[in-house]
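Q: Which chain is which? The protein sequence lines are A and B, in order. The opening residue of the first sequence carries number 1392 in our numbering; numbering runs sequentially from there. The opening residue of the second sequence carries number 1392 in our numbering; numbering runs sequentially from there.
Fair warning: there could be bad hints in the mix.
Since the list gives no way to pick out one identical chain from another, each pair is judged satisfied if it fits inside one copy or across any two copies.
Stated by the list, open to error - In the DSS-like style, the derived pairs of lysine-lysine whose C-alpha atoms are separated by at most 30 Å in a straight line are:
{"hint": "1", "residue 1": "Lys1576", "residue 2": "Lys1663"}
{"hint": "2", "residue 1": "Lys1469", "residue 2": "Lys1576"}
{"hint": "3", "residue 1": "Lys1664", "residue 2": "Lys1643"}
{"hint": "4", "residue 1": "Lys1582", "residue 2": "Lys1703"}
Don't read these hints as lab results, they were simulated from the structure.
Protein chains: 2
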Amino acid sequence: MRIIYDCTGADQGAEAVLAGIQSYLEDHSLEGILLGLKEELEPLLPKYPEVAKRFRSEYVTEVILNTDEPAFAIRRKKDSAIVKGMRLLKEGAADGFISAGSTGGLLAGGLFLLGRLPNVSRAVLPVYLPSSTGGFLLLDSGANMDCTPEQLLSFGKLGTVYAREVLGIDDPKVALLNVGAEPGKGNEQVKKAFELFSNAPFHFIGNMEARDAFFKDVDVLVTDGFAGNVMLKNTEGVAMFVTGVFHRALEKFGADDETFLKKSGGALREVKKLLDYSEYGGAPLLGLKAPVIKAHGSSDSTAFKNATRQLKNFLDQEVISKFQQEG
Amino acid sequence: MRIIYDCTGADQGAEAVLAGIQSYLEDHSLEGILLGLKEELEPLLPKYPEVAKRFRSEYVTEVILNTDEPAFAIRRKKDSAIVKGMRLLKEGAADGFISAGSTGGLLAGGLFLLGRLPNVSRAVLPVYLPSSTGGFLLLDSGANMDCTPEQLLSFGKLGTVYAREVLGIDDPKVALLNVGAEPGKGNEQVKKAFELFSNAPFHFIGNMEARDAFFKDVDVLVTDGFAGNVMLKNTEGVAMFVTGVFHRALEKFGADDETFLKKSGGALREVKKLLDYSEYGGAPLLGLKAPVIKAHGSSDSTAFKNATRQLKNFLDQEVISKFQQEG
């Protein structure tokens, strides 16, 4: 497997990427290209000799920031890891690309430089949220603001393939995010999508309210990037708010916060996942011609290792060719 | 003050309404009309002699259910409390209407039977959510699915008047729910609304992400009824989910749930509010020609008393005429 890594996008710097690759190399073979700023990457390489041996370094001089306007940045910052990475991926220099850089930059780069699959009208960014029945894939989580019912249908197909092939869920259950469970509910977009979904080749279980997604059995929850992003960020906000209230309650109760966390152990792990939903691995961009994984900005070496595993799974299951058949 | 009460819509039955009115009557004067099913209401009246003395009872034979299609139900169930209540309100038989019945039924009844204010294009349903800076009014919370930017502007105006006059907030801060804080973010609807809001007669503070609404200083958060309802129900779902996780953690920690709740006291009250957002009073329908308060289906006598207080405030502050001036 050959992977391109963006070493300019992680909050923790290029070392988190190198340490993640080195950890992966302990059990697996891997080679590829490191894209980084010379002054940052070059001094680190002697510390990671296995990585330096198997990877070629290419230096860039620019970084696309979260505050940059994505489409503009892709045109102007040609010597950035995102632009170079997408170009190299398109040329076949590697099998996949992992970056913790700007989500917007990756999407714009993916669309303009790498390109969509011919049967897919939009690339989509799913996010996996935990729930009391395990968890569900919410897509789109913010890549596409205005979507047609046909595009929502495409998200349902891409989400189904991804849930089945990468998450290992047999016959994934797909629902439409809506304001009520009954058919006929919702805005014009969702009402039309409901009809398309009812005749779709995937396992459609109907409309679902945001509340129920955390308690009912659903694997893929489809919505446009506006409502999806509202739901995602609201999830984070409410989880933070409720956690804060509980911590104050614990204080009043007289329980030491640290002792509580230690004794209650794994019980709070699910809340941590809600608070930092993409820490665990990364979010794939679905619908592009080659696999691109967006790692969380705050990713550490473990997160980069997990993103690498995720990419391997993506390649092993031939997800791209299944998208072409079923997308 | 003369109020019409729907005694058919509360999960706890007509007695919750009567007990709420009786409790309000201990400190205030009040008269009006009770709309109820004869077999339920008539036997209760002797238990509430003060209420029976000041209120006229009118019996109905039908109830509009949450599962009924609202516009259809309004036309077909003419002998329901919602239809009768709206008609009586329109005729001037009372100053306001309180019902815990079907939200859709009340909205349809409000629009078709009572009517909108001439300068308002849609009636809107706000909901008040707690936050770490106090709380904020989210509107629309689900009455209007597809909204134009101009309608969002109208929601901003109605929300401003309501927050100032009824909630007592000086110069309420209004934000647009969006996927990012920067101008230029969002779907076409929100981008256009941003321009309108920038020149609006209220205190517009910009775009706001759902996450930030729980931590930043905002009084009125404007969105369409689809995204608003997703946010509202997601808030409930995540709060329930996180609360469940904490309860399991408490168990593992060895703290008795009840003792914990008692000792930590008021600290958890905010979570309860998130879980049952409209328990405290009710949600007003803004933009109609007369005040209508939608009480929560699970309202008890305290909730009906609070809804009555809210309606008094609404009338005292002459909110309807301010809507006409500023709406």
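Q: Decide, hint by hint, whether the structure agrees.
A: Each hint tested on the structure:
no., hint, in the structure
1, Lys1576 x Lys1663, "between (33 Å within a copy, 28 Å between copies)"
2, Lys1469 x Lys1576, "between (46 Å within a copy, 24 Å between copies)"
3, Lys1664 x Lys1643, "both (26 Å within a copy, 19 Å between copies)"
4, Lys1582 x Lys1703, "neither (38 Å within a copy, 39 Å between copies)"
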